[in-house]
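One letter stands for each residue in the lines below.
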Amino acid sequence: MSVSEAADTTAETSTGLKITSRVVDWITSDRMQLLNITERINDVVSKSGIKNGIVHLQSLHTTTAVFLNEWQDALLEDVKRFLEEAAQRERYYKHNDPEHSDCERSNADSHMRGMLMGQSLSLQVRNAKVLLGTWQSIIFAEFDGPRSRSIAIQITGL
Amino acid sequence: MSVSEAADTTAETSTGLKITSRVVDWITSDRMQLLNITERINDVVSKSGIKNGIVHLQSLHTTTAVFLNEWQDALLEDVKRFLEEAAQRERYYKHNDPEHSDCERSNADSHMRGMLMGQSLSLQVRNAKVLLGTWQSIIFAEFDGPRSRSIAIQITGL
Amino acid sequence: MSVSEAADTTAETSTGLKITSRVVDWITSDRMQLLNITERINDVVSKSGIKNGIVHLQSLHTTTAVFLNEWQDALLEDVKRFLEEAAQRERYYKHNDPEHSDCERSNADSHMRGMLMGQSLSLQVRNAKVLLGTWQSIIFAEFDGPRSRSIAIQITGL
Chain H
1 MSVSEAADTT AETSTGLKIT SRVVDWITSD RMQLLNITER INDVVSKSGI
51 KNGIVHLQSL HTTTAVFLNE WQDALLEDVK RFLEEAAQRE RYYKHNDPEH
101 SDCERSNADS HMRGMLMGQS LSLQVRNAKV LLGTWQSIIF AEFDGPRSRS
151 IAIQITGL
Chain Y
1 MSVSEAADTT AETSTGLKIT SRVVDWITSD RMQLLNITER INDVVSKSGI
51 KNGIVHLQSL HTTTAVFLNE WQDALLEDVK RFLEEAAQRE RYYKHNDPEH
101 SDCERSNADS HMRGMLMGQS LSLQVRNAKV LLGTWQSIIF AEFDGPRSRS
151 IAIQITGL
Chain L
1 MSVSEAADTT AETSTGLKIT SRVVDWITSD RMQLLNITER INDVVSKSGI
51 KNGIVHLQSL HTTTAVFLNE WQDALLEDVK RFLEEAAQRE RYYKHNDPEH
101 SDCERSNADS HMRGMLMGQS LSLQVRNAKV LLGTWQSIIF AEFDGPRSRS
151 IAIQITGL
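Here the protein sequences line up with chains H, Y and L, keeping their order. Position 67 of the first sequence, counted from 1, bears residue number 67 in this note's numbering, the numbering being contiguous throughout. Position 46 of the second sequence, counted from 1, bears residue number 46 in this note's numbering, the numbering being contiguous throughout. Position 72 of the third sequence, counted from 1, bears residue number 72 in this note's numbering, the numbering being contiguous throughout.
Heads up, some of the hints might be wrong.
Identical chains share a label here; the pair holds if one copy fits it or two copies do between them.
[What the hints assert, rightly or not] Lysine-lysine pairs mimicking DSS-like chemistry, simulated, CA-CA at most 25 Å apart:
#1 K47 - K18
#2 K80 - K94
#3 K18 - K51
#4 K80 - K18
#5 K18 - K129
#6 K80 - K51
Derived by calculation from the structure, the hints in this document are not laboratory data.
Using the sequences plus the hints, can you model the full thing?
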């Protein structure tokens with residue numbers, strides 16, 4: 001996993017409201033892969049200088065997702081199996097059928113998983129950190145890797 | 001599909017923060033139907049005059065959903081089948097049973113699909129447009145049509 | 001169900017933008033339990049003095065969820081059965097296996113349900129009330145009770 005970053009864009013009113021935007025990239029290594037991006041998001045929030053507000057995360061790819069869960073090895077294996085069963089790869093999809101689709105990736109299952117889990121997540125910023133419960137980690141899910149992936153991060157607040 | 005619109009409500013601080021709200025209506029034609037509302041949402045964002053911020057979409061109906069996915073005919077057929085199987089129509093639900101419920105629409109499956117996919121979606125606004133990846137479209141899903149449906153759109157930003 | 005509350009934290013710009021944060025607690029009584037928190041959230045929104053904006057709800061626990069649906073007894077029974085079937089309790093999970101995990105709650109199913117339904121929800125505030133459709137209620141779902149649970153509520157707006 002490697003990470004790159006574009007420069008920040010920041011808009012600010014004279015009374016202190018700030019909106020900071022940044023795109024962060026990851027390179028994934030497996031077809032289905034779960035990444036703990038909590039620390040990376042907290043870095044971006046911390047650098048924004050915003051103390052209270054909202055951080056919005058939006059993965060820019062339909063075959064990915066962003067969500068919360070506990071970061072524990074055994075549970076992550078369960079999560080992968082759960083998602084494999086919720087949208088099985090080895091069944092018929094029109095999207096994978098050359099008669100109906102020009103998609104050559106056979107990734108209909110990846111689309112179902114991404115749609116089910118969602119690509120957009122808002123979290124509160126309190127005291128310059130992302131507000132998370134004791135067991136909550138921010139997880140980026142790759143469902144059609146390996147690929148280069150981008151998450152747009154926007155922090156709005158005071 | 002026809003579209004109507006209520007007048008905008010806009011609040012603005014003296015330093016430029018704007019909050020614009022609008023309700024947009026659609027009339028659907030099928031029991032389950034997927035609509036690509038990306039262009040319509042971009043129109044509303046563009047007219048708001050807000051360059052950077054967040055657009056929040058909220059469908060006002062429990063038997064609908066708003067989410068992201070690729071807009072491709074073959075995939076949309078797969079999405080419909082996926083949701084039909086995730087919450088099957090032809091099984092027993094208390095909500096459809098006159099002994100337990102006064103609902104006459106027999107739409108428990110529609111409720112499960114709406115709940116699973118969600119009715120609330122936040123997306124970033126960058127340079128006066130909704131930020132979307134190459135393959136991301138904003139999809140409104142009707143699960144209990146045909147009906148008249150309303151989505152509340154709120155844009156907050158600078 | 002009992003409720004307690006921490007004091008508000010409020011930040012405000014000189015031109016009126018306000019961000020109000022509060023944590024509200026519930027004590028649940030069953031392993032799986034659905035609570036209608038609409039009125040409680042509307043109280044917090046009303047006290048914030050914010051007329052237009054966004055209310056963001058974030059449950060601070062991975063084995064819970066916050067989502068919208070109709071509040072009807074028969075339907076709630078269907079919702080519980082739907083979620084029980086979507087992530088079955090009585091099957092093998094590594095997270096429940098002492099050979100792979102130090103979790104003693106055997107709550108992998110609770111994690112799957114929480115992840116599937118999500119712990120973060122944004123809703124619009126219009127005229128000092130949460131904007132909801134006629135049949136939409138805000139539901140807090142407990143998937144691993146009985147426990148004491150906290151939801152962080154943040155209202156941003158004018």
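**Message:** One pair to classify: K80 and K94, alpha carbons no more than 25 Å apart. Within, between, both, or neither?
**Reply:** both (24 Å within a copy, 11 Å between copies)
**Prompt:** How do K47 and K18 come out at 25 Å by Cα distance, when the copy is not named: within, between, both, or neither?
**Reply:** both (12 Å within a copy, 22 Å between copies)
**Asked** How would you classify K80 and K51 at a CA-CA limit of 25 Å: within, between, both, or neither?
**Response** For K80 and K51, neither the intra-copy (35 Å) nor the inter-copy (38 Å) Cα distance is at most 25 Å.
**Asked** Quick one: K18 to K129, C-alpha cut-off 25 Å, is that within a copy, between copies, both, or neither?
**Response** Close inside one copy (15 Å) and across copies (19 Å); limit 25 Å.
**Message:** As a check of your reading, is K18 near K51 (CA-CA no more than 25 Å) within one copy, between copies, both or neither?
**Reply:** both (10 Å within a copy, 13 Å between copies)
**Asked** 25 Å Cα cut-off: does K80 pair with K18 within a copy, between copies, both or neither?
**Response** The answer is neither: 37 Å in one copy and 41 Å across copies each exceed 25 Å.
When the structure is compared with the earlier hints, violations turn up for hints 4, 6 and for no others.
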